[in-house]
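**Q** Protein chains in written order, with this note's numbering: chain A, 1 to 428; chain B, 1 to 463; chain C, 1 to 153.
Worth double-checking, as some hints may not be accurate.
EDC-like, lysine to aspartate or glutamate: derived pairs with alpha carbons at most 20 Å apart [to be verified]:
hint	chain 1	residue 1	chain 2	residue 2
1	A	Lys-39	B	Asp-357
2	C	Lys-47	C	Asp-112
3	C	Lys-8	A	Asp-20
4	A	Lys-331	B	Asp-133
5	C	Lys-47	C	Asp-140
6	A	Lys-331	B	Glu-196
7	C	Lys-47	B	Glu-62
8	B	Lys-270	B	Asp-246
9	B	Lys-455	B	Asp-357
10	C	Lys-47	B	Asp-86
Bear in mind the hints are in silico, worked out from the structure with no lab data behind them.
The chain contents come next:
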Amino acid sequence: MNLIREIWQSIVRRDRLSTDKGKSELVFLNVWLHIHPAKVKREHMKFSHTFYLGFITFFLFLILLTTGIALMCYYRPYPPQAYQDMKDLEFVVYMGSFLRAMHRWAAHGMVVCVFLHMCRVFYTGSYKKPRQFNWVVGVVLLLLTLGLSFTGYLLPWDQLAYWAITVGTNIGSYAPLVGGQLRELLLGGHTVGEAALLRFYVLHVAVLPSLLILLTIVHLWRVRKDGGLSRPVWKLKESKLETLVTIGAPAETAALQAQPAVTSKTYGLMEVVTGKPIFETVTPEEEEDTVFSYPYAFVREALALMATVTAIMTISLLFRAPLEELANPAKTPNPAKAPWYFLGLQELVSHSALLGGVVAPALMVVALLAIPYFDRNPSRQLTQRKWALGLFTLFVVVNLVLIVVGTFFRGPGWALVPPWVHVVGGAE
Amino acid sequence: MERRLQQIFFALSLLALALIVAAAWQANTPSWKTYQHKFYELEAQGEPNAVAKAAVLATPPEIHQQLLTGLQRVDRCTTCHLGVEDPTMKDAPEPFRYHAGLGPHVPARFGCTICHGGQGLATDEESAHGKVDFWPNPLLTKDYIRASCGRCHKEGDVPGVPELTEGRRLFETQGCPGCHKLNGVGGSIGPDLTGEGANHRSPDWLERHFLAPNVVSTGSAMPNFHFSKDQARALTYYMLSLTSEDMGTYYSSVRLIPGPEFGRQLFVEKNCITCHNIGGVGSKTGTDLQGVAQKHSIEWLDEQLVNPELVYPGSSMPAYDLEANARKALVAFLSSATADDAQAIISRRPRPLTPEDVAIEAGKQDFARFGCVGCHGTELQGGVANPNAQGGEVPSLLHLSDDYTKDEVLAIIRNGRVPPMDNPNGAAPPLYMPAWKKVLSDEDINRIADYLWSKQQQKKDSW
Amino acid sequence: MNRRSFLKWSWGAAGLLALVSAIGVSLAAVLRFLMPSVFYEPPQAFKIGTPADFPFGPPTFLVEEKIFVFRDRDKGFSAASAVCTHLGCTVAHFQSDQRFHCPCHGSVFAADGSVQHGPAPRALDWFEVTLSRDGQLRVDKNKVVPPTYRLMV
């Protein structure tokens, strides 16, 4: 018995969980859990503060990772075997069609959730100092998510995949000077073919997921190091401008030492560092408003995880992932559409190649990346950010409208056709 | 609050458990397992004793598949159609019935979909029979399955499928190659038909299309040939059999051994008797063909038919464009032909042919074979509608000599001609005369012109 | 753990139990997912053609199926595995000495498949040959028979 006890204690070193010490040690002695603080503010756990969108996105990624690895066991990245493998997944592999559907719907869900997460962060002003860089990381993660979804779109090698990628990569080729070469680099040829499938596969299963994982680590780390979750807007004190200093900040910021240290608790390397950490500081009265992460935060995260998983499973049981005919370069479906999240761009391209292919996407990415540096208004109060909110809302609405128009209102020949009108296929 | 959250967590975990069990249950109960179970029950009925019955019933369910690397297919049809090769299942209900008359076409070698169509990879009825979205190749109905024979048997007579032979004959004689390319040969006004069978048009559509091309396919330039229903069906068979799929050596080397009957038909069709004789009966211009097959090797005879100049420099025998099987058939006929055969062939003719007649006949055959008849008609009558061309239709060629010299006609055949427009601002007429100089040899062109001129003279004579 | 705290967390514990079983079923499902349902390789039981396809005398080697088919004038058909029992190399049948030789580690098998030299731990397998209803010979690699087994046609 002693041996068992010893083995157990060699693994689990914390105190019993009934003690406060045990509860904090559970978090900070565990490599997986210590991304959490030992104690969290009650207000941060409120659903309406974050809608748990970051967590949900992360959980969707976990679903994608596990189902994706399973699917890789039955996939050969060259045509037309790739398509045959899809048929095998649908028809003979045990639960193959279920896992494929999970992967597919989780992928769409992740694109949606990343976007919603970004909106939440914007509307709560959480990208502002000191979190500017984490916003940038977030935007890159959004782009990586789109890239993953886009590269995965080709892999089934059916008509849907083939033409979505053909159209999608052609949107990119409108970039001046380098557009054509970029497309060639991505496709490994002039058209979507064997080389393109292999490259998209490599990007989809190796390059992009690794980058995404690395940046996610940075993103989460930064959340903690930038002071945890931002304070809910409704908790902000009117026009209280916090002056903050980075740990190890250069000497000229030392003036900020003037703030009385007694009212706040500081973390970090106290012997070495001058000044306060960059965290939004915790006052004693706020300290009382915190609870241990175990079990309060963990229960909620587990709930978010289970809700995500069950939602994806339910959808996957009800709806199979789409699979059309084998890709046929000689036969373009009418209309050929890019993946839905690029349909806004395709809609613009249909009016002006330069606008949709170059100006709009470049502007969007640059604008998103620049937001935290461009928006110098320090206030996070909704009433004090009318311009920023207006512009961002416009961006969101225009995007959504274009995507909805491109998805539901575009029929054969890219003609405007309402979804409730049934268009009979053109004469053969 | 915390209690409520735990309850939700419990509920969600339970839901997750239920969902995964549901998914597993769904995966565990595919419809093919039910079919297999029914089949083994049926099979067990025929077993003599309880032990054998139990053994049959205990057969584990599994997917049966035929790996057909040569055909680039995987057919899983026999997962449910378990009795296909079992004669005792002759009267069993579908999907278990025995497939009689397979001959050498065993499923292990050929699978099912190469003839029947459908989706070989699928394992549920609807998908497998291809009656689903996004599978362009549904099961062929009983009437059209035999068209698939032509996918491998590309030449000669296919026994039991007269439609295929008739369709091929119509294609070659009614002028289809004038507008359509097939395996790289033919005109470019209509679509290339090389892989038409792989376009997965429904047989019904094809048949209606042949009966009234521009009704089914609006705006089509294809003239209405006024085919009979049987002819439309024959052409449909032929279209369904056209495939550019790579069939693999085992399948593409499948040849029917050509019979003398086909050879005899060719012998008549190509007017061999006009120059040759058999045992002295016939023309003495060429050699006596009796016993020729015994005198020479098969390779020699084959070469002679392909390229007479090469075997006998200065030979006046034209090079007939015969496919390999047709040549074999001719040789097969010659190896047994006697003077009586020659007599029978000659006596069918209204009058004996002269070598000039033969040259004109060869011109006529070229006129048909290269597709001129498609627009100009088998009797040179023209009359095919060609909107906005002068006169609104393809002109008759019976009065050529009134307007052109023979040299001018030769030039038109060589270089092609766009018909003058009725309304210069309207759309260009869909039909035009293609340039033939790259397709036809001068010899062919001259022969065609000779044929045309012979018809002109007849016209004058008849006046 | 006292009664109060047990009650406090009992729903969570039940949820955890449900979760663990869901994970258990999922893991089992994934394992089943990874078990191939169809094999892209020659089947274990297969037809090899009609008896007339096989000559008397030297065995016919079927490359894909990796078997030797023997046809004996008096005794009938038999099929030997061409897979060495040592490490799975393909053995060759030498007509000169009527034995099987493995190229990898020099194992030699007698005409009846028994080991004569080398590291092979046991004799070559002989498979059941039957005549199916359509008149073709059928070999079933799942059914190992003694070397004396013969199918008379």
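**Q** None of the hints should be skipped; say for each whether it holds.
**A** Outcome of the hint check:
1. This hinted pair does not check out: Lys-39(A) and Asp-357(B) have alpha carbons roughly 108 Å apart, beyond 20 Å.
2. Proposed proximity of Lys-47(C) and Asp-112(C) is contradicted: the alpha carbons are some 23 Å apart, above 20 Å.
3. Between Lys-8(C) and Asp-20(A) the alpha-carbon distance is near 17 Å, which keeps this suggested pair within the 20 Å criterion.
4. This hinted pair checks out: Lys-331(A) and Asp-133(B) have alpha carbons roughly 16 Å apart, not beyond 20 Å.
5. Pair hint Lys-47(C) plus Asp-140(C) holds up; C-alpha atoms about 9 Å apart against a cutoff of 20 Å.
6. For the suggested pair Lys-331(A) and Glu-196(B), the alpha carbons sit about 14 Å apart, so the restraint of at most 20 Å is met.
7. A C-alpha spacing of about 18 Å is found between Lys-47(C) and Glu-62(B), which places the hinted pair at or below 20 Å, so the restraint holds.
8. For the suggested pair Lys-270(B) and Asp-246(B), the alpha carbons sit about 33 Å apart, so the restraint of at most 20 Å is broken.
9. Straight-line distance between C-alpha atoms of Lys-455(B) and Asp-357(B) comes to about 12 Å, which keeps the hinted pair within the 20 Å bound.
10. Proposed proximity of Lys-47(C) and Asp-86(B) is supported: the alpha carbons are some 14 Å apart, at most 20 Å.
When each numbered hint is compared with the structure, violations occur for hints 1, 2 and 8.
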